[in-house]
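K.L.:
Below are the chains, spelled out letter by letter.
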Amino acid sequence: MLRRGLILFVLAAFLSVPGLVAAHTPLFACFDNADGTIYCEGGFSDGSTAAGIPIIVTDGAGEVIKTLELSRNSDIEFDKPEGEFSVLFDGGEGHDILIPGSQIFE
Amino acid sequence: MKRGLLLAGLLTLFLSAPALAHFQMLYTPQSALEHGGEMSLKLVFTHPFDGDHIMDMDPVQEFYVVHQRGEEGEPQKIDLKEYLSEITWNGLDDAEGKAFEANLPARVVRSMGDYVFVLVPTPYYEKADEGYIQQFTKMIVNVGGMPGNWNEPLGLPAEIVPMNKPYANWTGGVFTGVVMSNGEPVPNIEVEVEYLNVDVDMAANAFVGEPKIEAPHPAFETMSVMANDKGEFTIGLPKAGWWGIAVPDVVELEHDGKELVQEAVLWIQVTDIP
Numbered sequence: 001m002l003r004r005g006l007i008l009f010v011l012a013a014f015l016s017v018p019g020l021v022a023a024h025t026p027l028f029a030c031f032d033n034a035d036g037t038i039y040c041e042g043g044f045s046d047g048s049t050a051a052g053i054p055i056i057v058t059d060g061a062g063e064v065i066k067t068l069e070l071s072r073n074s075d076i077e078f079d080k081p082e083g084e085f086s087v088l089f090d091g092g093e094g095h096d097i098l099i100p101g102s103q104i105f106e
Numbered sequence: 001m002k003r004g005l006l007l008a009g010l011l012t013l014f015l016s017a018p019a020l021a022h023f024q025m026l027y028t029p030q031s032a033l034e035h036g037g038e039m040s041l042k043l044v045f046t047h048p049f050d051g052d053h054i055m056d057m058d059p060v061q062e063f064y065v066v067h068q069r070g071e072e073g074e075p076q077k078i079d080l081k082e083y084l085s086e087i088t089w090n091g092l093d094d095a096e097g098k099a100f101e102a103n104l105p106a107r108v109v110r111s112m113g114d115y116v117f118v119l120v121p122t123p124y125y126e127k128a129d130e131g132y133i134q135q136f137t138k139m140i141v142n143v144g145g146m147p148g149n150w151n152e153p154l155g156l157p158a159e160i161v162p163m164n165k166p167y168a169n170w171t172g173g174v175f176t177g178v179v180m181s182n183g184e185p186v187p188n189i190e191v192e193v194e195y196l197n198v199d200v201d202m203a204a205n206a207f208v209g210e211p212k213i214e215a216p217h218p219a220f221e222t223m224s225v226m227a228n229d230k231g232e233f234t235i236g237l238p239k240a241g242w243w244g245i246a247v248p249d250v251v252e253l254e255h256d257g258k259e260l261v262q263e264a265v266l267w268i269q270v271t272d273i274p
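Just so you know, the sequences run in chain order S and D. Residue 15 in this note's numbering sits at position 15 of the first sequence, with consecutive numbering throughout. Residue 51 in this note's numbering sits at position 51 of the second sequence, with consecutive numbering throughout.
Hints are computed from structural coordinates only; laboratory data are not their basis. Keep in mind that this is a model prediction, so the values were computed, not measured. There's no promise every hint is true.
Claimed, not checked - Here are the simulated distance ranges between beta carbons:
| hint | chain 1 | residue 1 | chain 2 | residue 2 | range |
| --- | --- | --- | --- | --- | --- |
| 1 | S | F105 | D | E184 | 14 to 24 Å |
| 2 | S | F78 | D | E254 | 49 to 59 Å |
| 3 | S | H24 | D | G183 | 28 to 38 Å |
| 4 | D | Q76 | S | F105 | 20 to 30 Å |
| 5 | S | I65 | D | K239 | 43 to 53 Å |
| 6 | S | A61 | D | P153 | 45 to 55 Å |
The beta carbon of each residue, even a glycine, is placed where N, CA and C say it ideally should be.
Produce the complete structure using the sequences and hints provided.
P.N.:
In structure tokens, the structure reads:
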């Protein structure tokens, strides 16, 4: 009885964390729309969605300016911050991508 | 008399062979792009292995791209005809012909994902065959590594649908595709394969240099493979560069009182393992 319970627990744990065994790489890109807004889009190398992934915008000192999340289309648009800033795709451990504002082009 | 007939027959076969190797090119130097941006494409009707035949193209009927970002992304069709301009393409051995180029602004190929470029040229009159050829041509670019619609059929009258990402092939690998007509597989049809055996100078609108390979026999210039009963075929990829895959005579129609054959062309790029 105990053994069956252990097997079920291990199986359930395995099935509940498919992200750990999926061979996918996070992908993230941002563009300056040249109209005072920034457009960012994310996803994974296997084509799966990044909807709901948190996007954290920080200033030059690393202070959080705003916390957003990618839309159903795995993208988002927000007002371009003044001065230095960075945009973080917070996909969890091993799935983070940070893009400095200086690397965002039209 | 008999010998004369035999010689005439053989001569006809020999002379007609080059007519099989027409490939509508839809070329850009790199199909797997890290970032999007401005892009230049060349539309040339040629024999890619020789690079010394350039057929005059008439204004194209359709030129567009279908972009999709991610498996759940919405495919977006963008008409690109406004970016076309006529050029003269220079082949090897003083060959030249009327071709087109497209200079796309950064906003067209900016987002990550797949870009399936489609060219539908005006039917080309082939004097030797006293008929028209129209090659529905696809070339697929990826930006940023995020896949999209690279293996989605577009429902063209003649089409090759890839079963491998056409922009991510190592030298020594294989490529598999399906021949389709209006979304349905075409069984047991002959597929032709030709290597782009010359370098391309994008600024000069020309094939340049010497051919990279000398074929030991004409059969190695335009290779053939038969699709199976599901329209599927597989080819090997022995050398880095661009490979053209063409399926002649998928559909036979009439145009201006002559036969019109509609054909499928797909370009794939092969990369050496560093």
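K.L.:
Now tell me if each hint is right for this structure.
P.N.:
Hint check results:
1. S:F105 / D:E184: 14 to 24 Å: 43 Å, violated
2. S:F78 / D:E254: 49 to 59 Å: 57 Å, holds
3. S:H24 / D:G183: 28 to 38 Å: 30 Å, holds
4. D:Q76 / S:F105: 20 to 30 Å: For F105 (chain S) against Q76 (chain D), whose Cβ atoms are near 22 Å apart, the range 20 to 30 Å holds.
5. S:I65 / D:K239: 43 to 53 Å: Since the Cβ atoms of I65 (chain S) and K239 (chain D) sit about 51 Å apart, the hinted range of 43 to 53 Å holds.
6. S:A61 / D:P153: 45 to 55 Å: Since A61 (chain S) and P153 (chain D) have Cβ atoms about 52 Å apart, the given range 45 to 55 Å holds.
Going through the hint list in order, the structure does not satisfy hint 1, though it satisfies all others.
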